[in-house]
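Novice: Chain by chain, the residues:
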Amino acid sequence: MVRLVREPIDFTALTEAVRRPGCGAVVTFLGTVRDVTGDELTVALEYEAYPPMAERKMHEIADDVRARWPIGAVTLVHRLGRLEVGEISVAVAVSAPHRTDAFAACRHAIDRLKEVVPIWKKDLAPGKAEWVHPGAPTGAGNA
Amino acid sequence: MPMTVAVRLFARARELAGADVVELAARDTVAGVREELAVRYPQAAALIACSAIAVNGEYAADGHPVGPDDEIALIPPVSGG
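Those protein sequences? They're chains Z and L, same order as listed.
The opening residue of the first sequence carries number 1 in the numbering used here; numbering runs sequentially from there.
The opening residue of the second sequence carries number 1 in the numbering used here; numbering runs sequentially from there.
Note that these hints are calculated values from the structure, not bench results.
It is possible that part of the hints are untrue.
Stated by the list, open to error - Simulated DEER-style distance windows between Cβ atoms:
id, chain 1, residue 1, chain 2, residue 2, range
1, L, Thr29, Z, Thr12, 44 to 54 Å
2, Z, Lys114, L, Asp28, 49 to 59 Å
3, L, Met3, Z, Pro52, 22 to 32 Å
4, Z, Arg107, L, Pro42, 23 to 33 Å
5, L, Thr29, Z, Pro52, 20 to 30 Å
6, L, Pro68, Z, Leu41, 43 to 53 Å
7, Z, Glu60, L, Gly67, 19 to 29 Å
8, Z, Pro134, L, Asp62, 14 to 24 Å
9, Z, Arg20, L, Ala31, 39 to 49 Å
Stated by the list, open to error - Stretch by stretch, here's where chain Z covers chain L in the computed footprint (C-beta under 8 Å, at least three residues):
id, stretch
10, 16-22
11, 34-40
Glycine residues also receive a C-beta, built at the ideal position from the N, C-alpha and C atoms.
I would like the entire structure built from these sequences, with the hints used as guidance.
Specialist: Next up, the structure:
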C-alpha cells in the first residue's frame, strides 16, 4: 500500500496491516520532525508533493522492494502539510519471513523515497522559511 | 498562433516564479523547456539548472521530446522524508 495523507499517520494500524502468518519479522521506520539540525532551530516543517508522480514513484519503490527481497508486505505513507516538531512525516513498514530481509528492504525503501519521490519540505522557525533543496545553491531565493 | 507548453512548478521554484503553472513558448525537448524557464525566471536560474524535469509523471532526460499535450513539471531537488 502506498498513500499520501494530510492527517496524522497511524503507525500502529500501518504496522498491523503488513503482518502475515508467514512473516516472523516486521520493521517499521518512522521519520519525525527534528527540532535542531546542526545549530539551526526548526519549529515545524511544511511538506508539499506532486501527488500523482509521488504516488507513482512510491509504487515503483514498493515493487522494487518486492522484487529484491522475499518479503510479505510493504507499505509507504507520507504526510503532507504543516507538521510540528515530533510529528511523523513518513512511515515505511515491511514484513518478511526473517529480520535480515525486513531490515534491508525497509532501509532501501526509505532511502529511495528520499532520493526520487517528488516531495519537498519547507523548514520553518522564527525568522526562517526555507525550502530544502539538497545540492541547490542556498540563500538567494528563499522566501 | 504560437504554441505553448504548460509547466508545473513546486516548492522554491513555485515561490520564486509566483505561480503554480506557467505557460512557455513551445520547445520540443526537455532541455529547451529548461532554457525557456531560466529565461523567464532568471531569479530561479540556479535552481532550475539543478532541477529535474518530469514529462507525464516520469523523470525525463534533456533530449526527451515534449509537446503541448504533455504534462511537464519542474522537479527541484527533493527533500521528502
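Novice: That 44 to 54 Å hint for L:Thr29 and Z:Thr12 (C-beta), does it hold up?
Specialist: 48 Å, holds
Novice: Range first: 22 to 32 Å. Now tell me if the beta carbons of L:Met3 and Z:Pro52 are that far apart.
Specialist: 24 Å, holds
Novice: Note whether the CB distance of Z:Arg107 and L:Pro42 lies within 23 to 33 Å or breaks it.
Specialist: 41 Å, violated
Novice: Taking the Cβ atom of Z:Arg20 and the Cβ atom of L:Ala31, is their distance within the range 39 to 49 Å?
Specialist: The hint (39 to 49 Å, Cβ to Cβ) holds, given that Z:Arg20 and L:Ala31 are roughly 47 Å apart.
Novice: Is it true that L:Pro68 and Z:Leu41 lie within 43 to 53 Å of each other by Cβ?
Specialist: 46 Å, holds
Novice: In this structure, is the beta-carbon distance linking Z:Pro134 and L:Asp62 contained in 14 to 24 Å?
Specialist: 21 Å, holds
Novice: Okay, the stretch 34-40 of chain L and chain Z, do three or more residues pass the C-beta test at under 8 Å?
Specialist: violated (count 0)
Novice: Is the hinted range of 19 to 29 Å satisfied by the C-beta distance from Z:Glu60 to L:Gly67?
Specialist: For L:Gly67 against Z:Glu60, whose Cβ atoms are near 24 Å apart, the range 19 to 29 Å holds.
Novice: Just to be sure I understand the hint, the distance between the Cβ atoms of L:Thr29 and Z:Pro52 should be within 20 to 30 Å; is that true here?
Specialist: 23 Å, holds
Novice: Using a Cβ cutoff of 8 Å, are there at least 3 residues of the stretch 16-22 of chain L near chain Z, or does the coverage claim fail?
Specialist: violated (count 1)
Novice: Can the suggested window of 49 to 59 Å be confirmed for the beta-carbon pair Z:Lys114 and L:Asp28?
Specialist: Distance hint for Z:Lys114, L:Asp28 is violated at roughly 33 Å.
Checked against the numbered hints above, the structure violates hints 2, 4, 10, 11; every other hint is satisfied.
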